[in-house]
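Chains as they are written, first to last, in my numbering: chain P, 1 to 105; chain H, 1 to 406; chain Z, 1 to 187.
Simulated from the structure, these hints should not be mistaken for laboratory data. Yeah, the Cβ is synthetic: ideal placement off N, Cα and C, and Gly gets one too. Mixed in with the good hints, there may be bad ones.
These stretches of chain Z come out as covered by chain P in the derived footprint (C-beta under 8 Å, 3 or more residues) [to be verified]:
| no. | segment |
| --- | --- |
| 1 | 12–25 |
| 2 | 104–110 |
| 3 | 119–130 |
| 4 | 133–140 |
| 5 | 156–166 |
| 6 | 177–183 |
To list a few chain H residues with every Cβ distance to chain Z over 10 Å, as calculated [said to hold, decoys possible]:
| no. | residue |
| --- | --- |
| 7 | Ile57 |
| 8 | Leu87 |
| 9 | Leu157 |
| 10 | Leu172 |
| 11 | Phe362 |
Heads up, simulated DMTMM-like pairs for lysine to aspartate or glutamate below, C-alpha to C-alpha not over 25 Å straight-line [stated by the list, open to error]:
| no. | chain 1 | residue 1 | chain 2 | residue 2 |
| --- | --- | --- | --- | --- |
| 12 | Z | Lys138 | P | Asp96 |
| 13 | Z | Lys138 | H | Glu221 |
| 14 | Z | Lys150 | H | Asp213 |
| 15 | Z | Lys150 | H | Glu221 |
| 16 | Z | Lys183 | Z | Glu112 |
| 17 | Z | Lys116 | P | Asp96 |
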Amino acid sequence: MITLNHYLFVSGILFAIGLTGVVARRNILTIYMCLEMMLSAANLTLVAFSRFHLTDGLPDYNAQALVFFTITVAAAEVAVGLAIIVALYRTKHSVDVGAVDNLKG
Amino acid sequence: MGSFLDSINLAFLIASAVKIVFFAFMVILPMVAYSVYLERRISAIIQDRVGPNRTGIPLTLLGFKKDSHIFGIGGLVQPLADGLKFLLKEDFTPAHVNKFYYWLAPAIVMVPALLTAAVIPFGSELDLSWLTKIGVDGAWLHKPIKLVIADLNVGPLFTFAIASLGVYGIVLAGWSSNSKYSFLGGVRSSSQMISYEIALGLSIVPVLMIFGDLNLSKITEYQDANGWLLFPAWGKGAPWENGWHFGRWALLVPVFISFIIFTVSMFAETNRAPFDLPECETELVAGYHTEYSSMKFALFFMGEYAAMIIGSGLAVTLFLGGWSIPFAPWLGLDYKAGATPAWLGLAHIACFLAKVVCFIVFFIWVRWTLPRFRYDLLMKLGWLVFFELALANVILTAALLMYFKI
Amino acid sequence: MPAPLFYFFSLLMLIFGALVVICRNPVASALSLVVSFVGLAALFISLDAYFIGTIQILVYAGAVMVLFLFIIMLLDIRAEAGRKPNMLAVVGGIALAVIFLVQLGSVLSKNEMGNKTVADVPINYQTAAQVQKLDTIKADLQNSTLPDAKLVGQTLFNRYPFQIQLIGCLLLVGTVGVVLLSKREVN
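Isolated chain P (complex conformation) (with noise of 0.2 Å):
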């Protein structure tokens, strides 16, 4: 049967390739790509715990709202780092992390 470990290791795989991406990738788009995999896979381990921790008799929704705020604000997040992106793009021509290296002593 499926328990609250499977829910728990499964989020943490996904949480595991984001981080490998985020540290093996050095296209900055994939890069942002997988860290929001990462957030969305701490959501499920919030959502996971959620379900499991019952209070009255119903799942704990402080955890759901605090999903919801992480989406929220990853939204935000994206719409911001994308313009920051293009910006890059502008000036770089390129979206290489090694191509930011101005401040490189």
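Using the hints, position chains H and Z against chain P.
Positioned in the frame of chain P, the structure of chains H and Z alone reads:
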């Protein structure tokens, strides 16, 4: 129905499969075909032409004297002829396209349009207990079947969520075709759809505030008993049955604003004229499906009509009482949970389909009457007029609900 | 949720999640992420979080990823052809992930509380209905349905009204910021 997924068992699966086959394949797809026919006939009437009026079953090929016309109306077999033509045309894939995405795109347009049908209640419930009299028996017969594929508690949200996936098909079609017309069409279409999604979503917030529910079957049941949202003439909606309480009639103002925003946004979402800029033939050849031919083109075409039908279905469910028959409680034709006779269940399905057909005719009528918008005006309308209007409408509704204590 | 469905959606989510990292074409990455999010939304729904699941599709798959795709296409970013990936970073990333997973596995294997299934903690509608103050939600609960969008809304507006307004301001700031950032300088 505590948890939707707990209720999965064999009887449920069979019932769902039957409902899916009935609604998606026996109602929506033929409706898609016939709305194309309807569009051609109505446009012909509007432009003072005749339209396709000769297609019949070609019996003359078999040596008969005359072709057969169903119901004596010429042209009713036209959709079949169209379909056959689409199938028989050469399926040409240009050399410069990105093959995988080029093939994927038409499917992505079609599938979400059909998926959204799952939450729309297309009838009240069907009592099948009369089947026992003719010898069929089983436990499943004694409980009336609810005529909605998935009775979700987040109905309208689900529809918007799935419908928003349709953008991918158009974006991919535009991008993978590697042609400037397709690309411009795809870019225009996706930005148009994203922009109008906001107005669309905000426009139904007042409606949901009035009903206090997100479940589309409950919304329809409420309208059946208490008057349609746009036509509160019986039950709690009518002042003369409700102690001369004019609350619901005062609410008609925000509801009407909502309805206008919803309908116009729906036109924009389905890329129909006067907002058909993504495929605007005078500027972009055919927009995102310029490079498509044969059945792949037909899928785009059918996707547009399917989205139109589902959009009409949603508008009818939210504003015009869904399957409910007008003045039902007076005529004794209202829905009684668990005790609706079989003929009334069928009448409700017929009523829902009739309303949807009327709405489709309205869609077509608008398309052949209004000129096309300019793209910047379209975006201005979405962001500067509808967005603000929808927000103000939410506040107005809240104030009215507070004032009349509904 | 039946176990086969759980494994199907988890695998869908994880395989397409891995494809996001593996694919060299950004468009393929973005589309894989969409499929991955759809799988994730199904897992949310299996946990009785219909509202969050729908929002996940509506916001992430419907809006955020379209923005990504849009940017990729407008900037015309092609696959990074020919360039070798940084082997050190790749090995380091995988090592990090493996260490993280081993750690997580060892924690979870000792986690006795986590051996409950959804069926072990059934939602008790009648208890919930007794403590519920709002009439509409109470009626739903008495019918043994989970009005989960209403409950999320109730929690948000009863407990976190200030945070909601803060989020609203954040979105406004974000909108203004994006407009300023993406404007070309006109001299």
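Verification of the hints:
1. 12–25: Coverage by chain P holds here, the residue count being 6 at a Cβ distance below 8 Å.
2. 104–110: Coverage by chain P holds here, the residue count being 3 at a Cβ distance below 8 Å.
3. 119–130: holds (count 8)
4. 133–140: violated (count 0)
5. 156–166: holds (count 4)
6. 177–183: It holds, with 4 qualifying residues against the three required.
7. Ile57: holds, 44 Å
8. Leu87: holds, 28 Å
9. Leu157: violated, 5 Å
10. Leu172: violated, 8 Å
11. Phe362: holds, 27 Å
12. Z:Lys138 with P:Asp96: Given that 25 Å is the threshold and the Cα spacing comes to 54 Å, the pair is violated.
13. Z:Lys138 with H:Glu221: holds, 19 Å
14. Z:Lys150 with H:Asp213: Cα-Cα ~8 Å, so holds.
15. Z:Lys150 with H:Glu221: The hint holds at about 19 Å.
16. Z:Lys183 with Z:Glu112: Violated, because 55 Å separates the two Cα atoms, which is more than 25 Å.
17. Z:Lys116 with P:Asp96: violated, 45 Å
In this structure, the earlier hints numbered 4, 9, 10, 12, 16 and 17 are contradicted, and the remaining ones agree with it.
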